[in-house]
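Put together the whole structure using the sequences plus the hints.
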Amino acid sequence: MLAYIVRRVLATIPVMAFVALFVFSLLYVAPGDPAAVIAGDQATPADVERIRASLGLDRPFLIRFGEWVWRILQGDLGVSIFTNLPVATMIQQRIEPTLSLMIITLILAVSVAIPMGVIAAWKQGTVIDRTVMGFAVLGFSVPVFVVGYVLAYIFALELDWVPVQGYTPIKQGFWPWFQNLILPAIALGTVYIALIARITRATMLEVLQQDYIRTARAKGAGQRNILFLHALKNAAVPIVTVIGIGIALLIGGAVVTESVFAIPGLGRLTVDAILRRDYPVIQGVVLLFSFVYVLVNLMIDLLYTILDPRIRY
Amino acid sequence: MDRRNFLKASAGVAALTGTAGVSAPALSQGAAARTLRFVPQANLANFDPIWGTQYVVRNAACLVWDTLYGFDDKLEPKRQMVESEEVTDGGKTWTFKLREGLRFHDGEAVRAQDVAASLNRWAVRDGMGQMIRAIQEEPVSAVDDRTFRWRLKSPYPKMLVALGKNNTPMAFIMPERLARTDPFQQVSEFVGSGPMRFVRNEWVPGAKAVFTKFDQYVPRNEPASWLAGGKRMNLDRIEWIIMPDPATASAALMNGEIDWWESPLTDLVPSLRRNRNVQVDIQDPLGNIGAFRFNHLHAPFNDVRARRAVAMALSQDDYMRAVVGDDRSLWQTLPSFFTPGTPLYTEAGGDILKGPRNIEAARRLLAESGYNGQPITVLVAQDQAPLKAMGEVTNALLTSIGMRVDFVATDWGTVGQRRASKSLPGQGGWHIFHTWHAGADCTNPAAYLALRAHGDGAWFGWPKDDAVEAARDKWFDAPNLDAEKAAVAEMNSAAMSHVTYLPTGFYKVFQAWRRNVSGVIGAPIPFFWNVSKS
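Protein chains in written order, with our numbering: chain U, -11 to 301; chain D, -9 to 524.
The hints are simulated quantities; they were obtained by calculation from the structure and are not laboratory data.
Errors might be hidden in some of the hints.
Here are the in silico distance ranges between beta carbons for each label pair [to be verified]:
#1 50(U) x 125(D): 38 to 48 Å
#2 246(D) x 157(U): 14 to 24 Å
#3 50(U) x 272(D): 45 to 55 Å
#4 83(D) x 157(U): 51 to 61 Å
#5 123(D) x 50(U): 33 to 43 Å
#6 362(D) x 280(U): 48 to 58 Å
#7 50(U) x 78(D): 51 to 61 Å
#8 54(U) x 416(D): 26 to 36 Å
#9 246(D) x 50(U): 49 to 59 Å
#10 134(U) x 319(D): 27 to 37 Å
#11 319(D) x 34(U): 32 to 42 Å
#12 89(D) x 134(U): 54 to 64 Å
#13 360(D) x 126(U): 56 to 66 Å
Please read all numbers here as calculations on a predicted model, not as lab measurements.
Virtual Cβ for every residue (Gly too), placed ideally from N, Cα, C.
What follows is the structure, encoded as structure tokens:
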């Protein structure tokens, strides 16, 4: 197992190298010019040119790429073209809101979606099943921002239970922190709940047809035991896989959710950086997201061995 | 979960939230009343107003850095940091004296050396500054700690306009150690002598910027009027909160989570007006001028007849309805390049934009120009609502006079890069793009870069017309208002004839604030002095 983990961790190196090259190349060929954005509308073309030169954007691709890689190898993600702040500092400023949002969304989604899927499978063909599946279709169909606006309108503007927007760091108290995150988490989690509930239902339906379930029933096991102990455990591998894949979904959804609820997270940082062509920030954030994604995949692979002891690496 | 476990869990949650309530910081009512939460028009992504000339940077900079002179609401420069000025040597030598008691936020006194270094840096980047540099006998320098002098080879009557104008880049005064930074590099600290300090460690670019009151600031005794007069701060703390989503900002304002929103979307204004706690009014009486910009380097628009053909067919009504809507109180047609309602406003030569549009005549003139059916590359930024709307109208306009349109739907970042290209339109260049100019920048020719017509050095599109430039020079030399008016009328007429660019109309936008905030005024910059919150 240890050898496997080491092998997988080492395998991330070429993956990250490829991501680095890909992102850098993509940004190099992409249209747009940070110097023009910095200079503003009153600047002359000559001013823009001088700013571009001062930022080193007029240098050849290989030199810029080489310098960037060299800095990355030293653990330096570079400095934002616009803010003059280290990219690492900007990521550090933004990581807590995004992590908080993702954690609450994950907890909410898993704790709601799995029971929904299990119950839908158990009550297959009934009104409950159809309701759950109806919700799943709705959850897939309605965009995150629409859910966000509706929730904000009802719970923030009309009922005044929670704030419309913003983020309060957890060090200022659990409740203010939670109040700011609950609506975004529901908005972001809707599609995720739909996805997990559907997969859980489908997998459970398959497992519930297995011989060992019939045996458990014959032995007189209770319905709850059959569903959650025997069936769910055996259905867990595909569900965990979907949860893992869904983390990519969360990262994408966070971009929209953070904008709708004005949460100063990594999603907004990424969008702002792309719109301004702040290359070092885009590169740093994409590298971070890629690393997280590779790490999540590794964790899921390891989780398989716990959920299903037959799996060995 | 059984009943006992449920109760345990509930108690745990209650304890957690209860504790949280204790640990959460709470602002006292007084502190909350002295903290203003403001949503600016855009993200404050950098904070050097000489290096980056976006309006949002200038607006924030007005809090932190002071200027020698400031425009009042009559667009006249008034003394601000300066106590007195003297013009000698036939208008060629300007000697200024700073008023007493000026201090930077680090506690150091503001010295003439700081001013000299600041002006020398500013003059490299600013159009008027460059004019002064071109005629200076020697760079501006300190005579003593409170006196500085600028010696010129020829008189420059618009010196005070240059030092007090509110167009970017403004002549902000920084400590000498910062002002010595290359004008094309960012300063490393944000230390000014304005009424508010910038709290750098609370700055989260793209999310929040915080300013706190500078107790050692000594305001002038005159009443405040825009950038002139006494900048008295009634607020201890101003938080700029960046909200990219207008619907969220609207809800936050109605819910009392923010106090002042600089630029609400027009579509959201009716719902804001229905809220009895929210006040809505015009943000800036000087408004904005929509702009349709030609590339003068390439066919067909290197021929003035093609540009005139477009002008003859262009309906400003169509543009303004697309950009602003049907509320006529917010917009008007504009047969001029200058801001309506300001002293130099003129419609001289603007007939081509007046009256019914003549599509047939435009088609004939276009044919005369030799237009051969080549595609017209129109760059349209989809992420800027006014520009997207203008792009759609232009598409219909060009099609109506028989042009083939290559509609390049892209983002503003790409337009910003591509408009700088002089290549052929089919090879990475362009024919047309849209933008808008703040009305405050179009009140006179001083900082009106978009109207210049000096070819290669001109703004994007590189128009060249000696008559426009000659009229502009006359304005700079004008000894009085009448002479200025004559020069501007001549410039407007020449630019209309040359079709330097095409104004698509004049429009205003709203601002909105909570009714417990007082002192908000309509101006080109959100001014926080004299604003208070109850």
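Against the structure, the hints:
no., hint, verdict
1, 50(U) x 125(D): 38 to 48 Å, "holds, 45 Å"
2, 246(D) x 157(U): 14 to 24 Å, "holds, 21 Å"
3, 50(U) x 272(D): 45 to 55 Å, "holds, 53 Å"
4, 83(D) x 157(U): 51 to 61 Å, "holds, 57 Å"
5, 123(D) x 50(U): 33 to 43 Å, "holds, 38 Å"
6, 362(D) x 280(U): 48 to 58 Å, "holds, 55 Å"
7, 50(U) x 78(D): 51 to 61 Å, "holds, 58 Å"
8, 54(U) x 416(D): 26 to 36 Å, "holds, 34 Å"
9, 246(D) x 50(U): 49 to 59 Å, "holds, 55 Å"
10, 134(U) x 319(D): 27 to 37 Å, "holds, 32 Å"
11, 319(D) x 34(U): 32 to 42 Å, "holds, 40 Å"
12, 89(D) x 134(U): 54 to 64 Å, "holds, 56 Å"
13, 360(D) x 126(U): 56 to 66 Å, "holds, 59 Å"
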